[in-house]
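Colleague: Letter by letter, the chains look like this.
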Amino acid sequence: MDQFVCVRVVQAWGMDLSIFQFDWRLTWAVFLMNGEKAVYGRFFPRQQDDVEGLRKALEGALELHKKYPANKDELAGKKGIPIPWKTPEEMPAISERGKFQPAQGKKGCIHCHNVQEGAGKSFKQAGLPVPDRFFAPYPTPQRIGFMLGAIDQTRIIDVTQGWPAEKAGLKVGDRIVRFGGQPILSIADVQWVLWSSADTATIKVEVDRAGERVEAALALPAGWRTR
Amino acid sequence: MKHIALATLAILLAPAQDKDHLRRELRDTDLEGAWIYDDLESGYAEASKLGKPMLVVFRCVP
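Residue numbers (the working numbering), protein chains in the order written: chain V, 1 to 227; chain X, 228 to 289.
Watch out, some of these pointers could steer you wrong.
[To be verified] Heads up, incomplete: computed chain V residues facing chain X, CB under 10 Å, no partners named:
#	residue
1	Gly14
2	Leu26
3	Gly35
4	Leu64
Note that these hints are calculated values from the structure, not bench results. Yeah, the Cβ is synthetic: ideal placement off N, Cα and C, and Gly gets one too.
Work out the full structure, taking the sequences as your base and the hints as a guide.
Modeller: Pasting the structure below:
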């Protein structure tokens with residue numbers, strides 16, 4: 001831990017939404033990044049093996065940090081996708097409630113789940129179509145037919161026959177190196193690529209299969225988020 | 228002169244005191260080791276100064 005500058009954030013007021021987009025419904029979330037605001041990875045709780053899983057992700061972040069800034073371009077997609085608001089308090093559904101403020105205690109605090117709710121409602125209030133990603137469940141790899149390990153979260157431990165991952169040629173034992181062109185440290189990183197993808201897209205996947213680099217093209221079928 | 232120095236010090240320390248106040252109000256006492264509390268800008272500056280990566284934890288206190 002002493003190899004990192006550790007920051008604890010307890011409120012969403014002022015949260016930079018050009019960077020900090022994640023599953024806002026969770027009880028906690030981790031960003032691994034640097035002082036230039038480049039994001040190395042995300043980590044979300046899974047209820048089990050979180051400590052070991054996070055330790056592996058931290059090790060991966062240290063490796064990416066050593067390579068920075070040579071890897072700057074492949075990290076660019078880890079920042080947030082464009083949305084109409086810079087901070088949660090700019091969202092109409094949050095600002096109109098008026099009760100929120102920079103936290104001085106529990107009172108008035110914008111919680112992360114408020115951001116999730118606020119985003120969906122604010123799109124509607126602004127007369128904009130609500131993107132599917134803002135009301136569908138935050139996508140897990142299972143939604144497209146594969147599972148990753150709880151500790152080594154880049155290792156595929158199950159592939160569902162007939163689903164997009166199997167059709168792309170992914171196999172149990174493969175270790176995901178890049179997903180959507182982004183280096184992967186955790187399941188949350190895969191979830192981020194899925195969440196931020198277009199509703200119909202083909203994701204380039206690079207895996208390590210017994211020491212050999214293999215590339216695959218994973219097609220997301222129409223309706224994959226909500227089926 | 229002494230008053231000016233004290234006033235300047237008070238201004239410089241104000242953000243940290245705010246965060247201490249927030250932490251006390253939230254009874255947020257489970258952090259171990261050196262953490263920057265609810266201040267990402269300080270985190271960015273410290274990480275750039277030390278050349279270290281950052282571990283940023285979002286965790287609302289219920």
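Colleague: Mind listing which of the numbered hints don't hold for this structure, in increasing order?
Modeller: Nothing - there is no hint that the structure violates, so all of them hold.
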